[in-house]
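> As a plain string of letters, each chain reads:
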Amino acid sequence: MIELRQVSKVYPNQTKGLNNINLTFEQGEFVAVVGLSGAGKSTLLRSINRLHDISEGDILINGNSITSAEGHELRMIRRDIGMIFQSFNLVKRSTVLRNVLAGRVGYHSTLRTIFGRFPKEDVDLAFEALERVNILEKAYSRADQLSGGQQQRVAIARVLAQEAKIILADEPVASLDPLTTKQVMDDLKRINQELGITTIVNLHFVDLARQYATRIVGLRAGEVVFDGPVAEATDERFAEIYGRPLLEGELLGEVSA
Amino acid sequence: MKNPLESGTRQTARPLPPTRTKHVLTALLILLLLWGSAVQTEVSFKELIEGFPNMLDLLREMFPPRWTYFDNIVDGMLETIRMALVGTTIGAIIAIPVALLCAGNLMPHRWVYYPARFLLNLVRTLPDLLLAALFVAVFGLGPVPGILALAVFSVGLIAKLTYETLETIDQGPLEAMTAVGANAIQRIVFGVVPQISAAFMSYVLYTFEINVRAAAILGLVGAGGIGLFYEATLGFLEYDKTAVIILFTLAIVLFIDFASTKLREKLL
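Those sequence lines, one after another, are chains F and P. Quick note on numbering: this note's numbering labels position 187 of the first sequence as 187, and the sequence is numbered without any gaps. Position in the second sequence (first residue = 1) + 1000 = this note's numbering.
Next comes chain F alone, as it looks inside the complex (with noise of 0.2 Å):
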């Protein structure tokens, strides 16, 4: 369970990422993060895992502040969130495999992690991983052969083998095409169903979200401007969370298998 209570964030040139935030998201939740570019969708993820540090207010994942936490016990907490970036952030120069493996890190000692000593349980669990996504046969292919979804889906495999309880996805489809974006969504969707991990991911298409999620949260300027079940997220309450009506460009159309 994620609980964000009372987050505000502000940026060093007094710029207002997040507005006094009241969330609470529970475990194996699918929820899509909505808004126009610069609501803070992408600062609210990152608060979650601190890879930004919020001005005020507190967040506990599963009991445990995250924002008190320091050194190796929020190198703990971190280790049970796996994120997922628009642009994959994978190491382009090393293989699939190593990537993979890059998840595994915070369980072992840095001595071996220098090495590259993984267990065969973790090498095991990163072909499960690389299975689990389709992408089995490029384990040994450098990142930088891959195809953006494929690489997007080796990101995928990395979380996986973190054995992470919780997946933030930053814009996950936002740089792959119409085709990819919904193998990249299935899979998401998929191991939230299968595994039970709770999902938080930003997306810039609402249907997107509607087709996906269970619950959307819709931002706009730092504050929560909507908080339901898809069922609610009507076309009118999205151009409430816009400010205005739709665009076409807002909507990806349907895909189709």
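One should not assume that every hint holds.
Stated by the list, open to error - Here are the simulated lysine-lysine pairs, DSSO-like style, with alpha carbons at most 30 Å apart:
1) K120(F) x K165(F)
2) K1266(P) x K92(F)
3) K1262(P) x K92(F)
4) K92(F) x K1160(P)
5) K138(F) x K1266(P)
Note that these hints are calculated values from the structure, not bench results.
Assemble chain P onto chain F, guided by the hints.
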């Protein structure tokens, strides 16, 4: 509707083109410095032309080279290469932590990387020949002071090139490693090292090239290698022997340059 092109305000709203005064002044300043340096050091084309016959005399004395001298200098040349190899390797190992300390994007505070860079720049201002002379004074004659001088010089060069590359790496994988729960060392090993290892190897090879050339003259101050033979033959005015050393050095340097360039192409 009013056409904006016809409005009177348009002319005044156009930004002024940047002035060229700065470029002209820079060019003038450089010419002035060049002319001033020539006057102060009393360089003139007249002297160059007058000295030309002497150069020809020297060349004439160098030919034909005394090829039999070759046997005497093979050991010296091998020592030179060994010095360069050991010096570069020691320097490269020390350069790794130094480069990390200098990288602004990896160190948390400027009071870590500014002093580190200052020290690095200080090391780089010392010429290798001066370093060798100092180390000869400390450790005595032989290849050891030469190796140490090359090692110090290598740290300066490799660390400088490496930290500049470090600052251009993709921050994405580092962010991902932070999110995974990695500690500082694991972040560097998994997020940074794979990104720069090829460039680092390339810099080490490049430094090795430079060090072979530098090692060839370190013998002038008694720091071992082929330089000792330069000094000996020049001192006895045996220019035909000097010619053999020059040609041999040229061949070795060309070969190492070629091999290293090919290797670096493969790396990047």
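> Hint compliance check: list the failing hint numbers for this structure, sorted ascending.
Every hint satisfied by this model.
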